[in-house]
Structures are given as structure tokens and as C-alpha cells.
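Whenever a hint applies, use it, and build me the whole structure from the sequences.
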Amino acid sequence: MPSVSFEHVSKRFGDTTVVDDFTLDVADGELLVLVGGSGSGKSTILRMLAGLETVTSGTIRIDGRDVTALPPRDRDVAMVFQDYGLYPHMTVRENLSLGLRLKKVPRQEIDRRIAWAVGILGLESLLDRKPKQLSGGQRQRVAMGRAMVREPKVFLFDEPLSNLDAGLRAQMRIEIGSLQRRLKTTTIYVTHDQVEAMTLGDRIVVLADGRIQQLGRPIDIYRAPANRFVAGFIGTPRMNFLEGRIHHEDGAPAFVAEGLRFDVPREDVASVGAVTLGVRPEDLLIPSPSDQRPSTVTGRVVLVERLGGITHVHFDAGPHRLMAALPNDTAVTVGDDITLGIRTERLHLFDADGRSHL
Amino acid sequence: MRAEERSGWLLSAPYVAFLLAFALYPVVFALVLVFLRWDLVTEPAFAGGDNLRLLAHDGRFWQAVGNTFVFLSIHLPLQLVTALALALALNRPLALRAFWRAAFFLPVVISGAVVAILWSALYATDVGLINRLLVRVGLAPVAWLTNPATAMPAIAAMVTWKNVGFYVIIYLAGLQYIPRSCLEAIELEGATAWQRFRHVTLPMLLPQTILVVTLSTINGFQLFIEPYVMTGGGPLRRTYSIVLYLYTNAFSYQKMGYAATIGVALAAIIGAVVLVQRRLIGKAEAL
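Here the protein sequences line up with chains A and B, keeping their order. Residue 307 in my numbering sits at position 307 of the first sequence; the count goes up by one each step and never skips. Residue 1260 in my numbering sits at position 260 of the second sequence; the count goes up by one each step and never skips.
Don't read these hints as lab results, they were simulated from the structure. Don't take every hint at face value.
[Claimed, not checked] Computed Cβ-Cβ distance ranges for the label pairs, DEER-style:
| no. | chain 1 | residue 1 | chain 2 | residue 2 | range |
| --- | --- | --- | --- | --- | --- |
| 1 | A | 243 | B | 1180 | 43 to 49 Å |
| 2 | B | 1081 | A | 104 | 55 to 61 Å |
| 3 | A | 70 | B | 1219 | 43 to 49 Å |
Note that the structure is predicted; figures quoted are calculated from it, not measured. No residue lacks a Cβ here, since even glycine has one placed at the ideal position from N, Cα and C.
Structure below.
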């Protein structure tokens, strides 16, 4: 039995449809990430599951029980908010214990659970502080501790890291991941950051305009994006897109765009006309004697970004601006002409509707 | 003098002049008057400690102090509860919310004398609207302003009604400052509506509560226009407030020195009470 299931759930505010026919099963103990831009409906889905937002149509189940009409307090879910939602007038200990005190949990049990959560999160020395006296990362941990001591059926995270600076964000991301693996509590995690989605999720759901664009394991979505939106959204640096056509010349398919032409020697390319071709920056390569590729693209370098580990080379191939992620020792400067090999086996083709073709 | 210094003095001069003329001068003048006997007509004469001795043994003054505390003991809790309840109601999604907010604020900007006359009509024993409603539901009419037991409570209720809009605005501002996530977090933790109010809303409104208590205490001690217009201090002097007694001494008996002494005593009482309140309510810095 799935831990959480959404069955044809929709949410409308007046004439605006925010979530459209959302259906999803989340397995017990799974960490599922909802990722999408603003207005994709990801937070609304989470808030409907928590009961903080009503459902226009459809059914939500937790452990098989229909909770669609239940108030938040009867759903046994705990949520970590973007701004943490800590009670500013209470100490860390009071923040952690309030929910249990409201539920009349025995004193000893409260102390046991707090000691357990505090030990895992390293909050021992902060129990008597107020939230104002804590750093961003510490507040984040208290918010997680408050969720943990409840021992709920489901953890909900609503963009929990977006108020932290980059370094702390990476650290807390790792902590949340290892914490979830340790507790094995079903977790639904909402973020706009595809790096968080890729690194945390057992599975991820890519959302746009209130609809599921793709659902799957992160690496599968990266390798085989279902449509152009997902291809552009998942993966940094972003995938290059070229508008053009597929021609079949003597049975061999080739991609033709303005000022650009290369073979696409793959048997799975059906005979199609107008397409968008997608190629990830790491699939453009400097040709070497050992790796000669028949398909190449040539252009003039307009910008070189040396990140240290790799170098991003932006170049114009005819009217098309492309970017390649090359080794850090690549000797190119602005104004150079470069010819790069294309890993044609990793190309993506999207038809006029944006759907994937390969 | 450097140019910057000169312009600094110039810029603050208007406010300094205002402060000297309308704040510092009256305060100093009142303190001086405490030691004078003056009827506004003849030359003031030195009175030594006579005014202070009189104050200490003046039963009417202490009765007025008692009356004012009776007023405050009704007005303060009533003001807090009504202001908070109305603010909570007006903070919810509500049809015609702007209208309701304006309606409850309107009495604040109406002259106190006008409100007092209006409420005298409402409280009238035979023809007043309140008693007519009481009679309609089968109750006996109440002599609101002429019964010594009900006169001060009636005035306290009216003053509360007049000022509630002002304190509602303070509470509304405080309510909007409470993060939504705090209320949602406690809702997810299983709290009922009352528990949400008790554990999040009310404690997070502590700074506003301190402000409302302090302001309505200071205002309440200056109770004057309502008893002056509605009861003249009666019945049986039960609505004689400190300021009304001060006014009577100054402008009916022309005892300016003694009136000033009452004024200084009032300021001291207000200061002491507010200090005690701050200690009792706790520290707003806790937030």
C-alpha cells in the first residue's frame, strides 16, 4: 500500500487552475521531490496534503485512509516551512515539545523523544535558547527536530533551504538526505532547485503549470527527459537547444538548421520534419586522436568562463548560441574558431509540441 | 561656531521653541504653582507646603482617586478583551471588511463631548434605547447614570466603546506581523483553535498588549469629559474623577495652586501604575 496517494487531485482559485488532475503514489519510506518553477503548483500540492489548502476535486490518502476532508491536525503529518515557522516566544525545548504537550503525551515520553531528536541533530547545547538567538542552520535543525519528535507518518518539506546561504544549503541538503535515510519516514520535499531535486530524491516529479511533466528517478529524467521543458529544467549547465529539421539523405538522417548541418547516425530517428534538437554542454567534446566523432559543430567563441574544474565555452554556430562544458585545461580564447565533436548517441529530439522523440 | 553646528541649531530651533513653550514651561509652572496660592485675579502668594498638606487629608481627592481606580478596573480589562476580540474578527476574511474597520474606528475621531451627549440619551432611564430594549425582552429598566452602583460602570463601558477602534488598529497591526507558518505549524501539531490562540497568537501579541494597557491606563486616568457632561460627578460623587476634581478646584473655586498640586499628584500616580504594570506583564523583549 502506498504511504501517500493523490488521485486526480485538482485545485482551482476562481478561474485559475493551479493543480490539474494530479495523480501520484508515494511509497512507504520514499523521499519524493516535487520540483518546478514558481507557479508550478508544487507548494499547493504539499499544502493540500497537509490540509492547509482545500482540494477542489480528487482524493488524497495517507496510509490508505481518505484524508481529503480532514483538518490538518488529524492527518499526522509534520511540515518544515521555508521560514521554519518556529515559535519565537518559546525556547528550543518548548518549540520541540509543544505538539506533544498538546497531544497530552506523558512527560517521560516527551523527554525521551526530545533527547533522541536533539542527539541526532546536535542541538544539545541550544535547548534553552530562543529562535532569535540561533543561526539559520540551527533554526533549520530545530524545525526538523520539531517534525521528528512527532514521529509522524509523513514529513513535508516546503523549500526548507531557500533562506540559507549557498554553503550551508549544501551542508543541510546532505543532512536532510542522511536523516531521511536513517529515519525511513515517507518524505515529500518541495523545491525550485533542481540540484536539490537531483541529489535528494529517490524519485522526482517535475511540475509545470500544475501538471506532472515527468516522474522518475533523477538520473533517468536527466538521461531521458520526456519533453523540452524537463530537458531545459533538469541539469546544470542547461541543455543547448537548436531549432531545425531532420533530413534523410541516402537513408542517413541529418540535422539541418540555419548555417548548420551534421549527421545524426541513429536508426531510431524517425522521418520527421521540424524538430528541436537538444544537446547537453558535456556532450560537446574537443576531438582527440582517440575519440574522433563524425558529427561536429563549428563556431566562434564569444565567452569563456573558467570555473576551475571545468570551463564553459560559449560559442556562436551561425545564428545559434551554444555552450560546451570542456576540460579546465582547454586552450581557447574569445574570437577563436572551434570545432567540437557531438556525442550523437546522447542527443535529444523534440517535436513541435515539445515531446521527446528519442 | 561652525556652519554645520549653526545649521543644526537652526533646524532644531522650531521644535525646541515648541517644546519649551508647550511642554517644559507648563510643567515647571505647575511645579511652581504647587507652592503658591493663586485665584487668577490677585497676585499669587507663597503657600509653603499648604497645598500638599491639604491634598494628603482631602477626602474628596482620595475619593476621586478611588473612583478613577474603579473606572480603570472595569475599563482596562474590557478594553483589552473587546479590542482583541474585534481585531481577531476583523483580521478574518469578511464581507465589507473595510466598512467594519471604518465603522469601529469612527467613534475615535468623534468629539468626546458629542459621544457623551449621545450616550446620555442611550442611557436615559425612561426613554433611552438601552432600557427600551431591556423592557422589550421583559427585564426591568436600569437607572444607568443615576444609580450610584451603575453610573461608573456605564461610563466605563461607553469610554471603552469610544476608544476601541484605536486599540483594534494596534492589535490588527500585531496580528499581521505573526508569521502564517507559526499558525500553520501549530495547527499541524494538533492544536485546536483555542490552543492556537493561547500558545501562538496571544503570546505573540504581547508587545501590542503592553502598548494597549499603557495607553489606555494613561488615557483612563485622565477621565474627565464623560462625567463632566453626563453626571457632573454624581450620583453621590461616585463618578467624580481626579481630573474632574482638578477642574472644579481650578475653574469653580479658582484654587490654581491646589489644582496644580492635584495635577502633579496625578502624573506621579500614572507613572507609578504604569511602572507596576510593566513589571507584572513581563518583558516584551522576550519576543
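Starting from the hint 43 to 49 Å, judge whether the C-beta atoms of residue 243 of chain A and residue 1180 of chain B obey it.
holds (44 Å)
Given the hint of 43 to 49 Å, is the C-beta distance from residue 70 of chain A to residue 1219 of chain B inside that range or not?
holds (47 Å)
If you check the beta carbons of residue 1081 of chain B and residue 104 of chain A, does the distance land in 55 to 61 Å?
Distance hint for residue 1081 of chain B, residue 104 of chain A is violated at roughly 28 Å.
Checked against the numbered hints above, the structure breaks only hint 2 and satisfies the rest.
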